[in-house]
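We have chain A already, so just place chain B on it with the hints.
Number of protein chains: 2
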Amino acid sequence: MEQFSYYTPTKVVFGKGAELKAGEMIRSYGFEKVLLHYGGGSIKRSGLYDKIVASLKENNIEFVELGGVEPNPKISLSRKAAQLCIDEGIEMILAVGGGSVLDSSKSAAAGAANHCDPWEFSSGKRVLEKSLPVGAVLTISAAGSEMSNSCVITNEDGWLKRGFGSDYNRPLFALMNPELTYTVSKYQTACGITDIMMHTLERYFCQNGDVALTDHLAEGLLRSVIDAGRIAIENPEDYEARATLMWASSLSHNGLTGCGRDYLMRCHQLEHELSGMYDRVAHGAGLAVIFPAWAKYVYRNEKALPRFSQYAVRVWGIEMDFEHPERTALAGIEATENYFRSIGMPVRLSELDIDDSGIEEMAEKCTFFGKRVLKDYIPLDKKEMIDIYRLAL
Amino acid sequence: MEQFSYYTPTKVVFGKGAELKAGEMIRSYGFEKVLLHYGGGSIKRSGLYDKIVASLKENNIEFVELGGVEPNPKISLSRKAAQLCIDEGIEMILAVGGGSVLDSSKSAAAGAANHCDPWEFSSGKRVLEKSLPVGAVLTISAAGSEMSNSCVITNEDGWLKRGFGSDYNRPLFALMNPELTYTVSKYQTACGITDIMMHTLERYFCQNGDVALTDHLAEGLLRSVIDAGRIAIENPEDYEARATLMWASSLSHNGLTGCGRDYLMRCHQLEHELSGMYDRVAHGAGLAVIFPAWAKYVYRNEKALPRFSQYAVRVWGIEMDFEHPERTALAGIEATENYFRSIGMPVRLSELDIDDSGIEEMAEKCTFFGKRVLKDYIPLDKKEMIDIYRLAL
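Protein sequence lines correspond, in order, to chains A and B.
Following this note's numbering, the numbering of the first sequence begins with 19 at its first residue and continues without gaps.
Following this note's numbering, the numbering of the second sequence begins with 19 at its first residue and continues without gaps.
This is chain A alone, in the form it adopts within the complex (with noise of 0.2 Å):
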């Protein structure tokens, strides 16, 4: 078990009428001028918005707002919202949405609070050592960045899309009523679930031995996460499988299913260029196109193997074949494809009419144009990147 730290500080209220807290809570901290950013006329429609708008006036909680988040949010808006945020001498954001509105707001904040563009933080160039506080009512259960320390922004110059992670940007507190997420699409469900999974997966497989209590953690996860997530697709409105994604969403992202191993985050390296560049790309449904790509690519290195025979059996329930592990592992990876379809996701890049003239460019802003090679079983460089993108057509 290597070394790690583990914060999670983020006071989460969970259940049905969580949102109605959104003032109380906000007063509870003694803050009394917010900024609400949320995203489209979603919350409006569903009278979210009227329900929020209603507490905070409740609580005597000032607020200016600022809408029109869109998925793979852009640095125009959160520079705009920090502004807003100086000018109006905010005192923290309350995010009403999710990871898109919520990782809006983290970089609004973190440009905010140091008077500065908020790109300076997600292109590395600046650390971030202070942010205003960021509260959430989350509405879809996906990049649990209503708990985690990731923000992730893209640049419409240039279209890079780029994520920084940092103690500074857990939300101070999430307000997590599982009924707000009934009238996610089943796309946008599916592309959730695949994105839940994922923050799973990926600190899952990685080269670190001896660590079966996280192992145990992350199996169990990604079985209820698979469970819930057929039902929630079958009936959108069953409350005990919506509440099991949602909660799934924080912990597979708050750190806890990758404690005392190396976190890489290759596929969704590789998939930030991809819906970076195509911005029509969901993330999760990127991030269902490039895993079984990534996988076929690396599991019969040695290190890789016995962890995708694991997967397969404690995740997939598939029987062990000993003589020959590799079978094992590749019906692991298969049923992880199979199941990604059954719930509608895209799983080659032709399903999201990508061809393979923009694969070169993809590989090289991934290699930050000559400048990093993602650690991996097989370290990835830019032919390995092209050859995963490939195997992805």
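Among the hints, a few may not be true.
Chain copies aren't distinguished; within one or between two, either way the pair holds.
Said to hold, decoys possible - Subject to a maximum C-alpha distance of 30 Å in a straight line, what follows is the list of computed DSS-like cross-link-like pairs (lysine-lysine):
(1) K393 - K143
(2) K75 - K98
(3) K401 - K321
(4) K321 - K400
(5) K34 - K204
(6) K39 - K393
(7) K400 - K143
(8) K39 - K143
Bear in mind the hints are in silico, worked out from the structure with no lab data behind them.
As the structure is a prediction and not an experimental result, all values here were calculated from the model.
Below, chain B without anything else, positioned relative to chain A:
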């Protein structure tokens, strides 16, 4: 899945050498004067005391010290520690030890911050609304107090052992180096294993359905602890086994394995009277005696039976007897009892030299002298408590 709150703000630094960061960590929060609180002489013999003192001095942290915390920590020492904090203008307490030192520190912190007798919080007379921060250097894997909201103290006046929960009891940070537990005796290691398992089992055995995710996490944690426990008893210097026990001690009592379900600490309550009245009884050993008796008393209940069967199958790998689920359930209880025995725990009161003469008094105290009935599959009033204590003879 029931509504729940989840709040685990403790910053964990885990791995070899973690204890050396004590001074730096305290300094990072801006504290300049601490109470160094510990137990007997073992931290001096092991050299840990010197390392901590050196780390404090390197970081210009002034400290006052108070040792002498006993197992089943006493309110008299917490009172003394609280007064010392007040008199010396202490800003935080650094607890170096296990659950007893942590609980003594939490109690003292509560008394010091509120300028009152800390027993007022234990007895339920007063609700904790602020406390001094407590940091931990953990030396034994057991109570999980390093991340938990709980504080259990014994009042020598009447030998009452009382716990109370509050988020203000949650430590600020915990430095966890598994190597520090190499010198913990086999018996104390086994007590710790039992305590860790019981923190999850108390949450596991409840009447709430639809908690698949929490179930999987709990079962995975239990399987890991059972395996690591066997290894640590055999080879006290097995790093991975010690690391698993240490991390499991925190996760088993920080709330994770109880999310979305009731939290019925009835075995703990029954045990508190046991080690409260018979001070020589270690808490873990008491639990190893109480659990099998309690389980055999309740498992046939229609709400309990499916849980006990699931436990037997998923944690102990027992084949499900679909015709006679009660046989499966009982086999799981017996497997637990055999495991406790195999690691050197007593499983009957007689092994602790306790006969039936104190049972009536323990039951009376456990009802808070007629003021409470413990919630369980079958509500536990004095009669039921006596039955369970008798089953444990």
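Hint check:
no., hint, result
1, K393 - K143, "within (21 Å within a copy, 56 Å between copies)"
2, K75 - K98, "within (24 Å within a copy, 47 Å between copies)"
3, K401 - K321, "within (21 Å within a copy, 58 Å between copies)"
4, K321 - K400, "within (22 Å within a copy, 58 Å between copies)"
5, K34 - K204, "within (21 Å within a copy, 46 Å between copies)"
6, K39 - K393, "between (43 Å within a copy, 29 Å between copies)"
7, K400 - K143, "within (23 Å within a copy, 66 Å between copies)"
8, K39 - K143, "between (37 Å within a copy, 28 Å between copies)"
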